[in-house]
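Student: Sequence:
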Amino acid sequence: MTGANAADARVAVVVPAAGRGERLGGGVPKALRPLGGRPMLVHAVQSLLAADLVSQIVVAAPPTLVEVVSRLLGPDVRVLPGGAERVDSVRGALRALDDDIRVVLVHDAARPLTPPSLVDAVARAVLGGHPAVIPVLALADTVKEVDADGRVLRTPPRGGLRAVQTPQGFRREVLEAAYASQEDGQPAVTDDAGLVERLGVPVATIPGADEAFKVTRPADLIFAEALLARRPLAESGRSS
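So in my numbering, spot 16 of the sequence shown is number 75, and the numbers just go up one at a time.
Read the hints as simulated data drawn from the structure, not as lab findings. Treat the numbers as computed from the prediction; the structure is a model and nothing was measured. Heads up, the beta-carbon is just placed ideally off N, CA and C, and yes, glycines get one too. A portion of the hints provided could be inaccurate.
Label-pair distances were calculated between CB atoms; the ranges are [unchecked claim]:
hint	residue 1	residue 2	range
1	Val127	Phe282	21 to 31 angstroms
2	Leu212	Gln245	21 to 31 angstroms
3	Leu196	Val127	18 to 28 angstroms
4	Pro174	Ala278	20 to 30 angstroms
5	Val127	Arg289	44 to 54 angstroms
6	Pro261	Ala197	12 to 22 angstroms
7	Thr264	Arg289	25 to 35 angstroms
8	Asp279	Pro246	23 to 33 angstroms
When you get a sec, could you build the whole thing from the sequences and use the hints?
Tutor: Next up, the structure:
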């Protein structure tokens with residue numbers, strides 16, 4: 060997608076936010092856990108709204124909380140009921156996109172501090188010609204592959220490994236084809252790029268951002284609170 064086609068292409072972001080997030084605890088859906096006095100989902104969506112290249116945002120919310128989430132996010136974000144599984148939520152959101160959307164980013168609601176510049180960088184890479192793009196970071200820790208009993212099988216060379224973040228970006232037709240190919244009973248994948256890889260589509264990488272970490276456990280929430288407290292008031296959205 061280059062030249063005039065790229066210039067005219069509209070970019071949408073899909074946010075599957077219907078998961079429960081048992082590891083984080085708290086008794087509420089993970090996306091609605093408070094961070095700095097507001098739900099994580101609100102922080103994540105505000106970063107998307109601040110990106111220059113995003114034209115549409117669709118959030119898949121817990122079915123019983125669609126109205127609540129709609130009020131939280133405001134009129135510029137479309138909120139619809141999420142599915143039983145993440146794959147169902149993304150499929151439903153894809154069907155809700157405007158017809159003229161050409162690039163789709165999929166973003167985790169649990170990455171509330173993702174900078175808008177990373178969102179634009181992913182979108183720009185797809186607009187520049189890549190069918191699929193993911194942001195990545197080099198690993199700081201050594202990684203071990205273990206068996207079902209916890210015994211170490213091998214130590215993969217760390218130099219060729221990367222931690223993957225979101226948003227992940229795709230040409231719309233590529234992502235739709237990937238989800239159309241996912242059938243019941245197939246092994247689950249942990250990200251959208253994994254589905255695209257099954258099609259044999261090349262996935263490009265760009266540098267990720269330290270702030271785009273995923274809030275999964277209570278310690279992550281404490282870290283996110285500390286980072287948010289250091290942000291300027293206008294940037295964190297807490298100005299009056």
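Student: Look at each hint and say if it fits the structure.
Tutor: Status of each hint after checking the structure:
no.: 1; hint: Val127 / Phe282: 21 to 31 angstroms; result: holds, 27 angstroms
no.: 2; hint: Leu212 / Gln245: 21 to 31 angstroms; result: holds, 24 angstroms
no.: 3; hint: Leu196 / Val127: 18 to 28 angstroms; result: violated, 33 angstroms
no.: 4; hint: Pro174 / Ala278: 20 to 30 angstroms; result: holds, 22 angstroms
no.: 5; hint: Val127 / Arg289: 44 to 54 angstroms; result: violated, 29 angstroms
no.: 6; hint: Pro261 / Ala197: 12 to 22 angstroms; result: holds, 20 angstroms
no.: 7; hint: Thr264 / Arg289: 25 to 35 angstroms; result: holds, 28 angstroms
no.: 8; hint: Asp279 / Pro246: 23 to 33 angstroms; result: holds, 27 angstroms
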